[in-house]
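**Q** Protein chains in written order, with our numbering: chain A, 1486 to 1574; chain B, 438 to 689.
Among the hints, a few may not be true.
Pulled from the structure, derived: some chain A residues nowhere near chain B, Cβ distances all over 10 Å [stated by the list, open to error]:
#: 1; residue: N1494
#: 2; residue: G1497
#: 3; residue: S1501
#: 4; residue: Q1514
#: 5; residue: A1533
#: 6; residue: E1545
#: 7; residue: L1550
#: 8; residue: V1567
#: 9; residue: Q1568
#: 10; residue: D1573
Anything over 10 Å on all C-beta distances counts as not near chain B; from chain A, calculated [stated by the list, open to error]:
#: 11; residue: G1498
#: 12; residue: F1504
#: 13; residue: L1559
#: 14; residue: C1566
Just so you have them, the derived chain A footprint on chain B, three or more residues with Cβ under 8 Å [stated by the list, open to error]:
#: 15; segment: 443 to 456
#: 16; segment: 539 to 552
#: 17; segment: 656 to 662
Don't read these hints as lab results, they were simulated from the structure.
Note that the Cβ used here is the ideal one computed from N, Cα and C, for glycine as well.
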Amino acid sequence: MTEDHIDGNAAGGALSDVFAVDLTAATGQCSSCAQSLALAEALLYTQAPGLIARCPGCEEVVFRLVRGPGRAWLDMRGMTCVQFELADS
Amino acid sequence: MARAKILGRLTWRVATVAAVRDETSSARTIVLDVPDWPGHLPGQHVDVRLTAPDGYSTQRSYSIASAPEGNRLELTVDVLPDGEVSPYLARVLSVGDPLEIRGPIGGWFVWDPEKPEPVQLIGGGSGVVPLMAMIRARETVGAQTPFRLLYSARGPETIFYRDELRRSSENGSGLSVTYAYTREVPQGWERPPGRVDASLLTQITWAPEQEPISFVCGPTGFVETVADLLVSAGHDPARIRTERFGPSGGGS
Ligand SMILES: Cc1cc2nc3c(=O)[nH]c(=O)nc-3n(C[C@H](O)[C@H](O)[C@H](O)COP(=O)(O)OP(=O)(O)OC[C@H]3O[C@@H](n4cnc5c(N)ncnc54)[C@H](O)[C@@H]3O)c2cc1C
Ligand SMILES: [Zn+2]
């Protein structure tokens, strides 16, 4: 395995630009290999334009977040059934 | 400890450097005053943003080293000589300077003082920083949770928080500290310099049957090796939390 990745946990700041709740502790299922994982456990690559998180089981992309001037692209099709704590409103 | 502080939407805040303290010849602790800091959990990090006069800006993550305490926050930054951000933080930034930060971030690599299970902290190089926040928080709340720290570093001169770690491990509260040196050892040291291996891990960790929770932090290669060794030794991967700092991550 290469050494150029960090943990999905490090994406918490960037994700907080988009989501109203912390997603690093959210759990979901990899849509390629069905492994359950917390977002914080994904392998995070920060060298690519934007952030790319891969499944620790099969290394398929679980989410991708790219920022441009005044704009963001988010692709989460690699992770399904995302579950997180949410206070009752 | 106060209520969980795992916030969702975060905004950039301007902190002010209240003090700086050298930890080693290449690492420095930066004490920040952050107005309206919401508090944090031990293990969380902040993002730091530097912006040049021409508008170019860049961000890096830094773990919080201090236990939650009012509007104060401490980071410890190790210099990566060719780095873009760390030399500025550890060498240039001075008392009174503003620093843009966003946080606290992360709800996964955090220790909950209310959990009774024994805790294994395994840090390489600057990977000790968030582990120190856990040790400090444990002391602040007076928890008796058994804690073991394995701290791997290049040599004795590169250890952060040495005096504080000595005091905290000698006060009978149930914290033990083991150092492992990869390049240089003190005179008469029982173990030759070398990387953390299976036998050392077996020596300092609890048996898997005791269901400890492990926090492993440091350069990516270090974290990878240690996490694999823990799994091979029979530890449940679900009880191993990791924080990779990147390829260099302060060296170990
Ligand atoms: C969640 C998190 C928490 C962190 N907490 C801390 C902390 O508490 N303290 C701390 O000091 N750091 C911490 N880091 C690391 C920190 O974010 C930066 O990566 C580090 O300070 C280097 O940044 P830089 O801008 O100086 O270097 P950059 O300019 O980003 O680095 C230069 C580039 O050179 C390469 N490189 C340089 N030297 C080496 C080397 N020796 N080996 C391999 N590659 C090399 C790397 O690929 C790197 O991308 C943390 C990282 C994360 C993800
Ligand atoms: Zn997968």
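**Q** Indicate, hint by hint, whether the structure satisfies it.
**A** Each hint tested on the structure:
no.: 1; hint: N1494; verdict: violated, 5 Å
no.: 2; hint: G1497; verdict: violated, 4 Å
no.: 3; hint: S1501; verdict: violated, 4 Å
no.: 4; hint: Q1514; verdict: holds, 15 Å
no.: 5; hint: A1533; verdict: holds, 14 Å
no.: 6; hint: E1545; verdict: holds, 19 Å
no.: 7; hint: L1550; verdict: holds, 13 Å
no.: 8; hint: V1567; verdict: holds, 14 Å
no.: 9; hint: Q1568; verdict: holds, 13 Å
no.: 10; hint: D1573; verdict: holds, 15 Å
no.: 11; hint: G1498; verdict: violated, 4 Å
no.: 12; hint: F1504; verdict: violated, 6 Å
no.: 13; hint: L1559; verdict: holds, 15 Å
no.: 14; hint: C1566; verdict: holds, 18 Å
no.: 15; hint: 443 to 456; verdict: holds (count 5)
no.: 16; hint: 539 to 552; verdict: holds (count 7)
no.: 17; hint: 656 to 662; verdict: holds (count 4)
In this structure, the hints that do not hold are numbers 1, 2, 3, 11, 12, in rising order.
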